[in-house]
Amino acid sequence: MSSIATLLGNVRITRVPVKFTGTRAELFWRLVRGYLLMIPTLGLYRFWVTTMKRQFYWHNTSIDGDALEYSGTPLQLLIGFLFALAIFLPLYFVFFYLSTQVGPVVLVGYAVVAALFWFLFGYASYRGRDFRLSRTLWRGIRFDQQGNAWAYATRQFLWSMLVLATLGLAYPFMSADLWRYRYTNTWYGDRQFGFTGTWRTIAGPFYRAYATFAVLVGALLGVGLLTGGAAMAAAPFLAVVLGFGGFFYYRARESSRMFSEVQLGTARLRVEIKARALAAQFAAYSGMLTVAFIIIGLVGYLVTLLVQGQFDFTSLAGIARAGWIGVGLALGGYLASLAALSLMAEVYLDCGYWMLVARGATIVGIESLSTVRAGSEDKSLAGEGLADALNVGSF
Amino acid sequence: MEMEPTGRYYDGLVAARRYVTLALTRDAGSAELIIADRDTREELDRWPVDSVFELAGLGDDLRLGAADRPYGARLTLPTGEWSTALREAIPGLGRRSRLERGQQRRVLAGAVAALVSVIAAYVFGVPVLADSATNLVPPAWEIRLGEGARLQIEAMLGNGRRFEACGSEFSQANRAIDRFAAEVMAGTASPFTPRVTIVRSPLTNAFALPGGQVYYFSGLLERTETADEFAGVLAHELGHVVHRHGMEMLIESSATGLLVGFVLGDMTNLSVAAAAGATLIDSRFSREAEHEADAFAGAAGNRLGFSPQALADLLGLVAEDTTMTRSLALLSTHPLTDERRAALEALEVAPAITRPAFSDIEWQSIKSMC
Numbered sequence: 001m002s003s004i005a006t007l008l009g010n011v012r013i014t015r016v017p018v019k020f021t022g023t024r025a026e027l028f029w030r031l032v033r034g035y036l037l038m039i040p041t042l043g044l045y046r047f048w049v050t051t052m053k054r055q056f057y058w059h060n061t062s063i064d065g066d067a068l069e070y071s072g073t074p075l076q077l078l079i080g081f082l083f084a085l086a087i088f089l090p091l092y093f094v095f096f097y098l099s100t101q102v103g104p105v106v107l108v109g110y111a112v113v114a115a116l117f118w119f120l121f122g123y124a125s126y127r128g129r130d131f132r133l134s135r136t137l138w139r140g141i142r143f144d145q146q147g148n149a150w151a152y153a154t155r156q157f158l159w160s161m162l163v164l165a166t167l168g169l170a171y172p173f174m175s176a177d178l179w180r181y182r183y184t185n186t187w188y189g190d191r192q193f194g195f196t197g198t199w200r201t202i203a204g205p206f207y208r209a210y211a212t213f214a215v216l217v218g219a220l221l222g223v224g225l226l227t228g229g230a231a232m233a234a235a236p237f238l239a240v241v242l243g244f245g246g247f248f249y250y251r252a253r254e255s256s257r258m259f260s261e262v263q264l265g266t267a268r269l270r271v272e273i274k275a276r277a278l279a280a281q282f283a284a285y286s287g288m289l290t291v292a293f294i295i296i297g298l299v300g301y302l303v304t305l306l307v308q309g310q311f312d313f314t315s316l317a318g319i320a321r322a323g324w325i326g327v328g329l330a331l332g333g334y335l336a337s338l339a340a341l342s343l344m345a346e347v348y349l350d351c352g353y354w355m356l357v358a359r360g361a362t363i364v365g366i367e368s369l370s371t372v373r374a375g376s377e378d379k380s381l382a383g384e385g386l387a388d389a390l391n392v393g394s395f
Numbered sequence: 001m002e003m004e005p006t007g008r009y010y011d012g013l014v015a016a017r018r019y020v021t022l023a024l025t026r027d028a029g030s031a032e033l034i035i036a037d038r039d040t041r042e043e044l045d046r047w048p049v050d051s052v053f054e055l056a057g058l059g060d061d062l063r064l065g066a067a068d069r070p071y072g073a074r075l076t077l078p079t080g081e082w083s084t085a086l087r088e089a090i091p092g093l094g095r096r097s098r099l100e101r102g103q104q105r106r107v108l109a110g111a112v113a114a115l116v117s118v119i120a121a122y123v124f125g126v127p128v129l130a131d132s133a134t135n136l137v138p139p140a141w142e143i144r145l146g147e148g149a150r151l152q153i154e155a156m157l158g159n160g161r162r163f164e165a166c167g168s169e170f171s172q173a174n175r176a177i178d179r180f181a182a183e184v185m186a187g188t189a190s191p192f193t194p195r196v197t198i199v200r201s202p203l204t205n206a207f208a209l210p211g212g213q214v215y216y217f218s219g220l221l222e223r224t225e226t227a228d229e230f231a232g233v234l235a236h237e238l239g240h241v242v243h244r245h246g247m248e249m250l251i252e253s254s255a256t257g258l259l260v261g262f263v264l265g266d267m268t269n270l271s272v273a274a275a276a277g278a279t280l281i282d283s284r285f286s287r288e289a290e291h292e293a294d295a296f297a298g299a300a301g302n303r304l305g306f307s308p309q310a311l312a313d314l315l316g317l318v319a320e321d322t323t324m325t326r327s328l329a330l331l332s333t334h335p336l337t338d339e340r341r342a343a344l345e346a347l348e349v350a351p352a353i354t355r356p357a358f359s360d361i362e363w364q365s366i367k368s369m370c
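If you read the protein sequences in the order shown, they are chains A and B. Under this note's numbering, the residue at position 187 of the first sequence is numbered 187, and the numbers go up by one with no gaps. Under this note's numbering, the residue at position 53 of the second sequence is numbered 53, and the numbers go up by one with no gaps.
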């Protein structure tokens with residue numbers, strides 16, 4: 001146990017780092033295997049891939065020497081997906097009806113459906129979090145999430161309307177409120193989590209990033225108008241550098257500060273993430289994605305050379321004329337591109353972020369957790385429900 | 001190597017880790033796994049061997065639970081001599097995870113079989129279903145839909161200015177086209193009144209909208225050399241109108257979206273992946289629609305006395321284009337496969353009737369209308 005003990009008055013404070021022992025390579029090969037198995041199973045293996053991924057993250061993350069355990073199964077996810085379908089089918093008929101209509105009714109209809117989706121998105125993400133927490137164990141004790149997913153969805157929906165109306169200025173208030181709702185409803189055994197952050201926690205970084213962005217857009221517009229577009233050549237470059245820079249700066253600060261406001265009884269979480277580490281990860285992601293696409297392009301080119309002869313793959317018509325070979329190649333290219341995109345995002349962005357949070361995290365006062373007792377038996381959740389069908393981005 | 005098996009023990013009641021030593025005993029009739037504190041030697045629990053199971057997962061550590069203990073009760077042993085020995089001493093250890101894996105495989109196989117039958121039903125059933133579902137859609141609904149599409153397309157073609165079709169409504173060319181369209185549609189019991197519009201545009205394309213609207217671009221008209229070619233393309237597009245292919249496509253693509261969403265797990269179909277996948281599948285159905293429209297044009301040619309093979313000639317001609325506009329041209333929506341060409345050429349022309357689709361004067365006025 002590598003805890004650093006410091007003496008502060010009479011209170012002995014221990015800081016225990018969180019450890020992460022997984023490697024990108026290990027995740028990569030597991031994912032490759034999972035993706036390949038998704039082909040003969042027509043995509044259904046994705047529930048097994050999700051479960052495997054969580055086992056990888058959970059079991060490789062250890063707190064004070066003990067790893068997290070993920071006890072969810074793929075079948076639970078599959079069942080949850082089937083439940084979610086029941087909600088989506090009626091929505092499909094609404095979509096179909098709208099697509100055959102003309103005029104203002106379509107706009108109003110699509111707006112209502114979009115709002116409904118956004119609302120369901122909040123519901124789904126809360127239910128998904130509940131599913132994951134209630135299947136997470138540490139030292140033999142389960143986590144849990146209480147609160148009401150509909151209440152959370154309503155909260156998120158109303159806040160986001162306010163954020164929209166204030167051109168984003170209300171965002172720190174929304175963020176703090178939602179973090180508080182999530183964490184005050186999170187339990188480890190019989191002990192309740194707490195969240196001490198307020199809008200002020202992220203106000204500084206947020207409004208700085210916001211102001212930078214506003215000044216940048218204003219300056220670009222101003223210069224563009226004055227010079228009649230002549231000086232606009234450098235604009236995209238400037239926008240990318242400042243835009244991404246602001247984003248990484250903000251994301252690193254928000255993650256660090258918000259996670260550092262999380263507490264469990266007297267134990268506190270501390271997280272420190274560097275913006276440049278996030279930027280480096282994004283650079284690695286972009287680089288590897290480029291490499292992957294170059295490889296796919298080369299392989300595609302070679303295969304085309306081999307079977308080419310009478311076929312012409314430069315147009316849809318040519319592909320159609322090539323018959324099954326053409327369809328096979330198009331499908332293969334499509335699946336390979338899809339797999340490359342998602343593999344690189346998983347390995348460099350998602351895994352990278354988890355690694356940064358885990359390795360940047362320490363826990364103060366962890367010994368207080370040794371008295372936590374198991375909570376009451378949780379209501380069984382059938383899968384993540386909508387989260388399986390709504391493509392809610394999360395681990 | 002330690003002298004006795006040691007591991008970590010969590011009782012599932014309190015969040016405390018204890019280092020323990022393990023021993024197997026058989027004195028109570030059935031074998032038990034005795035868990036004792038490593039330092040104090042105090043016995044913490046006895047797990048009946050029958051109820052002990054191994055937890056599947058990642059890593060090489062042996063992780064055990066017990067069926068009649070709290071949910072989170074765990075015993076973990078690092079990989080090594082002792083974990084191997086324990087596995088040998090308790091052969092039933094992996095039974096539970098084996099059973100679970102077996103069950104998972106069966107469910108996965110069942111789900112895949114179900115999905116395969118859904119896809120098969122979709123591939124073979126949806127064209128038929130979409131056909132009968134289309135007949136349930138009131139024509140007035142389809143006309144309204146076509147009207148909306150017309151406004152959008154004309155706004156796009158007008159490019160910011162007011163949209164203008166070639167030739168006035170009562171010009172000789174347009175009257176001849178209207179007459180021809182009415183002749184083609186006669187006797188089809190189609191609820192739609194055809195309306196053909198010739199549009200000034202460099203694209204070599206022609207298409208039909210739901211509800212009876214047909215567009216023919218001047219780019220294609222320039223390449224059209226004979227009245228029969230023109231008649232063939234128009235009859236083909238009117239075939240789409242009569243068969244209500246626009247409506248059918250709408251129904252089919254909705255079904256495709258549902259299916260692709262199911263396979264990719266993104267029911268919103270908002271991702272590029274889902275959209276691309278759906279397009280790939282939909283193109284299959286559009287080929288079938290082209291066959292139907294070709295057959296319709298062939299039948300119309302037989303009835304009215306023009307050669308439907310001219311349609312194939314024109315498609316072949318446009319197929320040889322190597323311009324940039326090609327991907328947007330006729331072929332992208334009307335791919336000319338060898339098979340399709342053969343089917344077109346096999347259409348017989350009734351020899352008795354040789355009346356041309358348009359008189360020379362009419363055809364000249366059409367050629368020069370843009």
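These are computed hints drawn from the structure, not numbers from a lab. Don't be surprised by glycine CBs; every beta carbon is placed ideally from N, CA and C. Incorrect hints may have been included.
Stated by the list, open to error - Derived contacts from chain A toward chain B, CB cut-off under 10 Å, selection only:
#: 1; residue: Gly22
#: 2; residue: Gly43
#: 3; residue: Phe47
#: 4; residue: Trp58
#: 5; residue: Phe83
#: 6; residue: Leu85
#: 7; residue: Val106
#: 8; residue: Val108
#: 9; residue: Ala111
#: 10; residue: Gly140
#: 11; residue: Arg142
#: 12; residue: Gln146
#: 13; residue: Tyr188
#: 14; residue: Ala292
To be verified - Have a look at the derived ranges for each label pair, beta carbon to beta carbon:
#: 15; chain 1: A; residue 1: Thr154; chain 2: B; residue 2: Tyr19; range: 26 to 34 Å
#: 16; chain 1: A; residue 1: Gly332; chain 2: B; residue 2: Asn302; range: 49 to 57 Å
#: 17; chain 1: A; residue 1: Ala25; chain 2: B; residue 2: Pro78; range: 18 to 26 Å
#: 18; chain 1: A; residue 1: Leu42; chain 2: B; residue 2: Thr40; range: 42 to 50 Å
#: 19; chain 1: B; residue 1: Ile143; chain 2: A; residue 2: Leu89; range: 52 to 60 Å
#: 20; chain 1: B; residue 1: Ala182; chain 2: A; residue 2: Leu91; range: 50 to 58 Å
Going down the list of hints, with the structure as the test:
{"no.": "1", "hint": "Gly22", "verdict": "9 Å, holds"}
{"no.": "2", "hint": "Gly43", "verdict": "4 Å, holds"}
{"no.": "3", "hint": "Phe47", "verdict": "8 Å, holds"}
{"no.": "4", "hint": "Trp58", "verdict": "9 Å, holds"}
{"no.": "5", "hint": "Phe83", "verdict": "12 Å, violated"}
{"no.": "6", "hint": "Leu85", "verdict": "7 Å, holds"}
{"no.": "7", "hint": "Val106", "verdict": "8 Å, holds"}
{"no.": "8", "hint": "Val108", "verdict": "15 Å, violated"}
{"no.": "9", "hint": "Ala111", "verdict": "16 Å, violated"}
{"no.": "10", "hint": "Gly140", "verdict": "3 Å, holds"}
{"no.": "11", "hint": "Arg142", "verdict": "6 Å, holds"}
{"no.": "12", "hint": "Gln146", "verdict": "18 Å, violated"}
{"no.": "13", "hint": "Tyr188", "verdict": "7 Å, holds"}
{"no.": "14", "hint": "Ala292", "verdict": "15 Å, violated"}
{"no.": "15", "hint": "A/Thr154 with B/Tyr19: 26 to 34 Å", "verdict": "48 Å, violated"}
{"no.": "16", "hint": "A/Gly332 with B/Asn302: 49 to 57 Å", "verdict": "43 Å, violated"}
{"no.": "17", "hint": "A/Ala25 with B/Pro78: 18 to 26 Å", "verdict": "23 Å, holds"}
{"no.": "18", "hint": "A/Leu42 with B/Thr40: 42 to 50 Å", "verdict": "56 Å, violated"}
{"no.": "19", "hint": "B/Ile143 with A/Leu89: 52 to 60 Å", "verdict": "28 Å, violated"}
{"no.": "20", "hint": "B/Ala182 with A/Leu91: 50 to 58 Å", "verdict": "42 Å, violated"}
Going down the numbered hints, you'll see the structure goes against 5, 8, 9, 12, 14, 15, 16, 18, 19, 20, while the others check out.
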